[in-house]
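Undergrad: For reference, the chains in residue letters:
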Amino acid sequence: MKKIQHILFVFVIALTLTGCWDRTEVNDLAFITSTGIDKLEDNLFQVSIQVPLPSAMGGPSGGGGGTSGNKPYYVDSGIGRNVREANDDMQRRMSRELYFAHRRVIILGEKLASEGMERSLDLILEHPESRLSTFMLVAKGNAMDILTSSPHFEQIPAEAVRELTKTALKMNTREIINQLHLPGKDPIIPVVRTVTTQNNGQDEKIELQIDGAAILKDDVLQFMTNDQEALGISWLLKRMYEKKLTVSVRKESELNLIVEDYKLKPSYKINNKLPEFTISLFVDCNLLQNEPDLNLEDPDIYSLATRKIEEEIKKQVAGIINHAKSVGVDPYGLGWLVYRHDNKLWEENLSKNWRELLPDIKVAVNVEAEIAVINNKGIKIREAT
Amino acid sequence: MKRFIKPKKLIQEIVIQAPIEEPIVPNIQENIKRLKSSFEKCSDVKFREIKLENIKAFILFVDGLVDNQSIQFNAIHELLSETVHAQLTSEYIEQRIVSISDVIEIEKLDDIVKNVLDGNTVLIVDGLEKALVLNAKGGERRAVAEPETETAVRGPKEGFVENIAVNIALIRQKLRSNHLKLITKEIGTVSRTIVGMMYLEHLASPELVKEIEDRLERIKIDAILESGYIEEFIEDSPSSLFPQIQNTERPDTVAGNLLEGRVVILINGSPFALIVPATFWQFLQANEDYYHRYHISFFIRFLRIIMVFLALLLPAIYIAVTTYHQEMIPTNLLYSIAASRESIPFPAFIEAMIMEIAFEALREAGLRLPKIVGQAVSILGALVIGQAAVEAGIVSAPMVIVVSLTGIASFTIPKFNMAISIRILRFPMMFLAGMFGLFGISIGGLIIVTHLCKLRSFGVPYFSPIAPLKWRELKDIFVRYPWWAMDKRPTQTIEENLNRQVDNLKPSSVQQK
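The listed protein sequences correspond, in order, to chains A and B.
When we follow my numbering, the leftmost residue of the first sequence carries the number 1251, and every step to the right adds one.
When we follow my numbering, the leftmost residue of the second sequence carries the number 2, and every step to the right adds one.
Pulled out of the complex, with its shape left as it was, chain B reads as follows (with noise of 0.2 angstroms):
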């Protein structure tokens, strides 16, 4: 038993090098000593001496993270071509010579070292005890493009990048509000990662938003080098399989969850932003669900919901059905099933396993390969197991369609981290299922149930507003309701300000006259 018993661990440091805190000094040969031995064996940090008359001076980037152009035009041929008077300070160089928007002053050596990491430039001149941070960042990056993720019929086509200043912009154009407030961190000692945070200062509670900062504020750790870092980090139950956080690659649905008083989390490096809190049924809907028209939405979520339920239980009571509950299938159904399953050599449950796990497989397999072979390997689990090993009678084909039927019903889920902890729910299922029949399936559904009405998200039960049940917010869930009926918004996380619109927004044909 003792292997079981985890031994008790203790807490770590992490180990950090020491800052250098020392100040500049006048001396620019100093510096640029302690410089060059902290930048020691970084090539692609360079170190451009000018002369400004006879006042030495160097200019500090790393190559490849700045705008070239800008530091050549505005810092450069701007120091060399100025002909300097008696008396050289930092504010005359900041105010008459550099033609840069963002110029800070810095007093530290270790500020001239993040600074140079940062992307950003940074001037030292002979004489002074200050430096000079030019901000004109640059470097290659990823246009804004189309998400792949979660690509629409119909909405804005554009997704975040990995640049958080781009991804930032993006949210600030839809939202043109000074109530969006946006909260930066930088978390990771050696990625220095920056992480933001950004809400509706009249909608998210102050309570959520303390949360969420303290809760960042515990990470300690090297790099985050993509949300999925953080998410692992604040979310509630780590040990939930369900998702306790949305992720998203549209501005739009981070604009909308705000407007519902959510705090969206982005990480720089990541085009995906992290929404919090989540409730379960956030994973069911896509943003398309409220851009067209309602009768639609009305319709798809519906489907939605069925598929989750297909896609969760099929497989499971198909194998209860077939081993325990003969009596159940309507007869003629009975004799098919009876006659395909004639010369099948394995029991159901084992059947729908090698048929489920080869579908995984291969929805793995297809997602991993390049684009080109992707194509391949669909063909040959299509003609594989799709036909020959109906053929050759090692699976019979209502199990092929069963597993197809699931597999589609697993793809309808919007969000892919919600239908991948479903497909994992299956498996289990599909155990219960073959070891107790129908009953078996009753037990993991009573589990599952009182497991996601347990889970919380941030103080939010992840199962309301149906546990505990709110009448009024079930206009969102199961169904859509017009825009012009949805006049509050959802009080999971906001308090006040409930209006979304003024009431009477239903066009008839008495007003519009």
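Isolated chain A, as found in the complex (with noise of 0.2 angstroms):
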């Protein structure tokens, strides 16, 4: 009995000299919803974050705090010689600790990404707060002008960007990091820009964008994509389900597709120890509008319309590949189909001069596509009145 109470008072003892030493309270940490990193000089970063204003964000008991009028968020930025030296000078001015769980959103500056960014990517692996979900876009222009936008929507362009990726290529941190160092593969990162509102002057603010895709060789931005080379991209990376699709069938009139399901199938074979890609497509799509009025059930005007869908898509996915093996980027993977399909070949023969090769390899497109669902639009046999 002596010897239990003996422990009790120990434990007691123990349990009051213990205390809360890493309690942090939710009005003492200041949440990151994005950080952009620029790239000033040669090692010179400029780090900027986007920090939600709590008592501006409504809340029965607002008021006070609101500094930077209505917004319910401001946006500082630090420099320093790497990413973690900006933080610190970033935090010396801010009463409350920089708190990195709930980023949503890492902006990478144009300069940056077109000269090498991997290195400032390491604080992210490193930083036990960071999280690997985090979505990762590059800016066209400075990262900071993205945060410091001001779109219509969402109180927080952060948000704003973060439901924009969803809805486009969607890439994370987890995914682009991998990529960094797959034999045969380049990195995608979703290009994001700044627009002004189109309503001719009236509240006109900053909005949001997303406008393709940067390609990167290595961790070093090539080019960006233009709309078709976008598309091709998310046709590629299996983004276009459920996604709407355009074709123009005659002079002035389109079809409009909606992508109900498609199969991506990738092949090659061993020529002359070089490898012949042909990328097969299989596309379902939906009819939403029959612009030209054709008779899709008639066999004839139904191959027309399918050739005319699959001659779209072709362009499209063939436009990004070429233009890529242009330039010596794999933006796809041909490299990696093959490091894993025939790694023996791959290790002799292509890993040391991939890149010089790219240029030279076949890679074809083929299309298939079906229209599974069509409207009564065009159809002559109708109901007798």
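Incorrect hints may have been included.
As a list, the in silico DSSO-like pairs of lysine-lysine whose alpha-carbon atoms are at most 30 angstroms apart [claimed, not checked]: (1) 1416(A) x 1361(A); (2) 109(B) x 1252(A); (3) 1455(A) x 1435(A); (4) 221(B) x 109(B); (5) 1435(A) x 1390(A); (6) 1253(A) x 455(B).
Simulated from the structure, these hints should not be mistaken for laboratory data.
All values reported here derive from a predicted model rather than from experimental measurement.
Using the hints, put the two standalone chains together into the complex.
TA: Right, here's the structure in full:
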């Protein structure tokens, strides 16, 4: 009995001596919603962060704290020789601790991306608070401009970027960092840029727009896709489900379709110790609008329509593949395909000079499209009236 | 350190007035003299003197405990109008004169005292060495009414009353079997409370009945005023926070438990019957679970288990997550929490403590006050704590939601004593959460679960049938199977007669044709 009491006594003392030493109240933290990393000059980085201001976000006892007008967030930036130093630079003028666990978007400035970004991403891997599910984007221009934009819909721009990314390419940090070191595969990062609201200057604000993808060579930005190529990238990354497609059939009349389902089957043959690729797409679409009034029940017209669709998709996919190939970049991962299926060939012949070989590699794109559901426009046989 | 150690206690004997072990003597004056001396200054004890022809007789009773009408017409009137024949014996009076159904003879003065105090009427006749006990108990009693603590939407609306005889009759009406046995005892030197044990002979294990009898036998006390006294004397782990004996006001609950082989203890003067042994899950079950269609019970039992977790852990989890693990809160929710916490002067833990204690105080105040004032308290509480505190920026709105959700969750636990245990345990959990975060909550949860697994109620593991696991009995724990699927009784106390019903009772279109 006495022994138990002694032990209890020690426990009670121990409990009072420990304490809430790593306790942090919610209102002692600065929740970073997004980080923008820009490169100013060699070895000098500017890291901007966007922090919501809880006191300006509503809540029953608001008031106080609202420093930057009506905006429920503010942007600040720090300068340092690397990202961590820039963060520390910022921390010195922040009364609340920077908290990265709720960061949703990381935006890389165009200059940083085109001069190599890998070392700036180390912090994401090393910092225990940062999440690998954070979306990563490349900004057209400065990353800070994205953070200071003011989209109409969302309270916080980072939220807008996140929602936009979800509907477009959607690449998170884990995927991008993985791709940085895959043999025969180069990373793709969606691009975000600012635009002004298109309403003749009434209540004009700076909106955000996802604009294609940045194609990287290793960790260096090679080029940014145009609209057609962006669609091609979407096809290749299997992000085209439920996406809409407009195909011109005749002069000034288009078919509007929605992609219901599609399969992407890459394959290759070895010819003279070099692979020849065939990328096959089997697409099922539903007809949304039939502007040219085609009778799709007629087999001839149906095959005409599907041929047009096939041509359109082929143009998109081949466009991006050929463009990337010509500059020695492999965003789809043709090399990675060989690496996995024919590792010996890859290691012996291709791995060393894949980039030099790439422009001459043959890639064929085959598309087979079907219209699964049609509407009744263009059908001449109607119910007898 | 010495202060912590209790001095050893001596076993104390309680002082009992020595009983008058003397026999009744033929001389009535002598008897009356002695009785009057033992009932000195008990003005409610009436000595009614009558004469049978010229033989002196006394009728003794306590005013208010007897049925005056019955005594008047069946005893006094009969005695007075009797013309006595030569030999007057107690048998003669019993068989020919008094028209009361229950009459017994006693021979000791002490028995006279006891019987008078029990509410019986005692007739002493000059020249006889025996006294007659006329059982004509009466007096004012509460009528059988709907139990207030366990109301039901569907199910019997009668509840126990303070009188044990009525309660026993209520149970007997439900289980009209000669297997239903009753053992009565008197406990308490002053109160001499009647304590009855009821069980079904073919179901309850004899060891259990013996054990309960032994434990009841142990109690030497002056008075038992409520079943709570007995509960504290016979439970297995008095230091545990969890109730190990179930109490109920409902005869149907009692009957249901008897049919599962448990033993029921009834206490005269209390409308609460004790049910032993009890397991943890019993406290999460309401009698109505068995009366509604099983789909409803299925859902409601799940709901209750979720609510037990909420009642125990919600404030603790809120504290832990907002002060240690902010990354676990969905981002937008975190922003709203941060927004509402912006102007709060206290840390989350202190805030939660203030609110929880205020809530408990409110609940207690509302409970003890007269009903009319109670309403005022609840209005005051809702207004002051709920609204004013938030508007004044003393407490954040999410915390008010958390606390009220916790309160509601704890009210979904059907048995009050379990609800209060869980409510008390919430506070140490909050401490642990405030000190160690989720780690503390897991440690606290482990301690509670370990304790629950270790507890026993009359030899039955408290957490059974989860630990030790019995698959077949799970059909009446988290869910309730339909009646036609519950063909076996739980095996906690029963060894034989496990079948509750015949097989194949499930209604189907084929059979019903």
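Undergrad: Under the constraints set out in the numbered hints, which ones does this structure not fulfil?
TA: 2, 3
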